[in-house]
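Participant: Guided by the hints, dock chain B onto chain A, whose structure is given.
Listed below are the residues making up each chain.
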Amino acid sequence: MMKRLTYLLLGVVMAACSSIDCPVQSTVATLYQVCDSTGTQMALSDTMTVVSARQDGTEATLIDGQDATLYNKGFGLKEFTLPISYKHPEDVLVFHFDNSNNKDLHVTDTVWIKKEDYPHFESVDCSAAFFHTITDVKFTRHYIDSIVIKNPSVTYDSQTVHFYLYPKSSN
Amino acid sequence: MTLRQFISTSILRAAISIVVLSASVPASAQKFFSFQKDSVPVFRGFAASFDLVGAGLMALSDNGQYEGALRINLHDEWFPIVEAGLGKANHDDEVTKIHYKTSAPYFRIGIDKNLLKDKHGPYRLYGGLRYAFTSYKVDIARQGLQDPVWQWDADFGIKDAKCSYHWLEAVVGVDAQIVGPVHLGWSVRYKRRIAHSEEGEFGNTWYVPGFGKFGDTRLGGTFNVIIDI
Chain A
190 MMKRLTYLLL
200 GVVMAACSSI
210 DCPVQSTVAT
220 LYQVCDSTGT
230 QMALSDTMTV
240 VSARQDGTEA
250 TLIDGQDATL
260 YNKGFGLKEF
270 TLPISYKHPE
280 DVLVFHFDNS
290 NNKDLHVTDT
300 VWIKKEDYPH
310 FESVDCSAAF
320 FHTITDVKFT
330 RHYIDSIVIK
340 NPSVTYDSQT
350 VHFYLYPKSS
360 N
Chain B
7 MTLRQFISTS
17 ILRAAISIVV
27 LSASVPASAQ
37 KFFSFQKDSV
47 PVFRGFAASF
57 DLVGAGLMAL
67 SDNGQYEGAL
77 RINLHDEWFP
87 IVEAGLGKAN
97 HDDEVTKIHY
107 KTSAPYFRIG
117 IDKNLLKDKH
127 GPYRLYGGLR
137 YAFTSYKVDI
147 ARQGLQDPVW
157 QWDADFGIKD
167 AKCSYHWLEA
177 VVGVDAQIVG
187 PVHLGWSVRY
197 KRRIAHSEEG
207 EFGNTWYVPG
217 FGKFGDTRLG
227 GTFNVIIDI
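Protein chains in written order, with the working numbering: chain A, 190 to 360; chain B, 7 to 235.
Simulated from the structure, these hints should not be mistaken for lab results. Wrong hints could be hidden among the right ones.
Straight-line alpha carbon distances no greater than 30 Å define the calculated DSSO-like cross-link-like pairs of lysine-lysine that follow [claimed, not checked]:
#	chain 1	residue 1	chain 2	residue 2
1	A	K262	A	K327
2	A	K276	B	K165
3	A	K303	A	K357
4	B	K143	B	K197
5	B	K43	B	K125
6	A	K262	A	K357
7	A	K267	A	K303
8	A	K339	A	K303
9	B	K168	A	K276
10	A	K339	A	K267
11	B	K123	B	K168
12	B	K165	B	K103
13	B	K103	B	K168
14	B	K119	B	K43
15	B	K107	A	K276
16	A	K303	B	K103
17	A	K276	B	K143
18	B	K103	A	K276
19	B	K165	B	K143
20	B	K165	A	K303
21	B	K143	B	K103
22	B	K43	B	K94
23	B	K168	A	K303
24	A	K262	A	K276
Not the full set, but computed from the structure, chain B residues with beta-carbon under 10 Å of chain A [what the hints assert, rightly or not]:
#	residue
25	I104
26	G133
27	N210
28	F220
Across the chosen pairs, the derived CB separations fall in these ranges [unchecked claim]:
#	chain 1	residue 1	chain 2	residue 2	range
29	A	Q348	B	P111	23 to 31 Å
30	A	V213	B	Q157	41 to 49 Å
31	B	S109	A	S215	25 to 33 Å
32	A	P341	B	D161	23 to 31 Å
33	B	A61	A	K267	35 to 43 Å
34	A	T238	B	V101	34 to 42 Å
35	B	Q157	A	I338	22 to 30 Å
36	B	L66	A	S215	29 to 37 Å
Just so it is clear, CB atoms sit at the ideal spot from N, CA and C, and this is done for glycine as well.
Bound-form chain A, shown alone (with noise of 0.2 Å):
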């Protein structure tokens, strides 16, 4: 009996099991806050498109062929999310504000965003991911009265917030 049930169990244990473990959220992005001055979130009244950049600020259209833009025409936003890049130690990204209704609205800010990119590994059953820590943020002022990092980590997380926007009162 014990003698059969020794090699019965070769077979058993050679046929492990396996599973696939990888994150249910494995995206990796910004979450932006609107605040008033007082630190209240609000809605934006204006109309929001987010287009990355070149290093210099100005504007990319298309990068290799495709579509640069990044949030699109995004209107009483309280929050929003936007892509990170992979492995490059600054993003630029150009905010655009709309409102016809508002004396014909049309404003633009620049946003550089520093950081340090990590490399991330569940498995090798998921996909390569970069983790990064914001290490400054700097803008242009004409619609954006400032930006301040809430929490500089980015990671899987979707819900913590890492930036706090505070358009100017006047808007």
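Facilitator: Positioned in the frame of chain A, the structure of chain B alone reads:
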């Protein structure tokens, strides 16, 4: 104090410590750790073994291990054991294109108890525990990765990242005498990680030498050829 006196004093202190410790162990535990009273001597020799499952995995797949063990037989009841092996993985994933490579030794130390009533028969049923440890380096790479938004090349690479892994294993196994000093046996193991570290905090490692694939089942097993020596 001469060296000889120093050694004598150390042995005496160790002996007193063991006696005091034994006295403080509850009676039920003393009974559990005791030997059956019979004419068979306590020290019954050594057994060396080699695991065929790990070697089979190594031959048939891109990860596996060569593992051997040395076991002391105390009265056919208690079996202190040391296991050592070399675990390897060299994997290229067809879907994610990620390359993973590691190769390192690992060590386990523990003890088994023969759970059968007939301790000195040709068969044994073991229950035991192991503490295991490995220190290893991993290479993880994803060549040709492109940023999906900015379209820049973003090669993903972790090179020679130092990692360590500590885990415990609960073991159940059988051992059957086949002919003379040759036995065959298998063991099923439930593994629990107790501590780990990864240089640079890049996330998880996938294959850990001796432990297997992280995130997979916590069960593992060995099929051993055992020779009494």
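Participant: Decide, hint by hint, whether the structure agrees.
Facilitator: Against the structure, the hints:
{"no.": "1", "hint": "A:K262 to A:K327", "result": "holds, 23 Å"}
{"no.": "2", "hint": "A:K276 to B:K165", "result": "holds, 17 Å"}
{"no.": "3", "hint": "A:K303 to A:K357", "result": "holds, 23 Å"}
{"no.": "4", "hint": "B:K143 to B:K197", "result": "holds, 21 Å"}
{"no.": "5", "hint": "B:K43 to B:K125", "result": "holds, 11 Å"}
{"no.": "6", "hint": "A:K262 to A:K357", "result": "holds, 19 Å"}
{"no.": "7", "hint": "A:K267 to A:K303", "result": "holds, 24 Å"}
{"no.": "8", "hint": "A:K339 to A:K303", "result": "holds, 14 Å"}
{"no.": "9", "hint": "B:K168 to A:K276", "result": "holds, 23 Å"}
{"no.": "10", "hint": "A:K339 to A:K267", "result": "holds, 16 Å"}
{"no.": "11", "hint": "B:K123 to B:K168", "result": "violated, 46 Å"}
{"no.": "12", "hint": "B:K165 to B:K103", "result": "holds, 16 Å"}
{"no.": "13", "hint": "B:K103 to B:K168", "result": "holds, 22 Å"}
{"no.": "14", "hint": "B:K119 to B:K43", "result": "holds, 16 Å"}
{"no.": "15", "hint": "B:K107 to A:K276", "result": "holds, 23 Å"}
{"no.": "16", "hint": "A:K303 to B:K103", "result": "holds, 29 Å"}
{"no.": "17", "hint": "A:K276 to B:K143", "result": "holds, 24 Å"}
{"no.": "18", "hint": "B:K103 to A:K276", "result": "holds, 18 Å"}
{"no.": "19", "hint": "B:K165 to B:K143", "result": "holds, 8 Å"}
{"no.": "20", "hint": "B:K165 to A:K303", "result": "holds, 25 Å"}
{"no.": "21", "hint": "B:K143 to B:K103", "result": "holds, 20 Å"}
{"no.": "22", "hint": "B:K43 to B:K94", "result": "violated, 45 Å"}
{"no.": "23", "hint": "B:K168 to A:K303", "result": "holds, 28 Å"}
{"no.": "24", "hint": "A:K262 to A:K276", "result": "holds, 27 Å"}
{"no.": "25", "hint": "I104", "result": "holds, 5 Å"}
{"no.": "26", "hint": "G133", "result": "violated, 15 Å"}
{"no.": "27", "hint": "N210", "result": "holds, 6 Å"}
{"no.": "28", "hint": "F220", "result": "holds, 8 Å"}
{"no.": "29", "hint": "A:Q348 to B:P111: 23 to 31 Å", "result": "violated, 42 Å"}
{"no.": "30", "hint": "A:V213 to B:Q157: 41 to 49 Å", "result": "violated, 27 Å"}
{"no.": "31", "hint": "B:S109 to A:S215: 25 to 33 Å", "result": "holds, 29 Å"}
{"no.": "32", "hint": "A:P341 to B:D161: 23 to 31 Å", "result": "holds, 24 Å"}
{"no.": "33", "hint": "B:A61 to A:K267: 35 to 43 Å", "result": "violated, 60 Å"}
{"no.": "34", "hint": "A:T238 to B:V101: 34 to 42 Å", "result": "holds, 35 Å"}
{"no.": "35", "hint": "B:Q157 to A:I338: 22 to 30 Å", "result": "holds, 26 Å"}
{"no.": "36", "hint": "B:L66 to A:S215: 29 to 37 Å", "result": "holds, 31 Å"}
In summary, the numbered hints that this structure violates are 11, 22, 26, 29, 30, 33.
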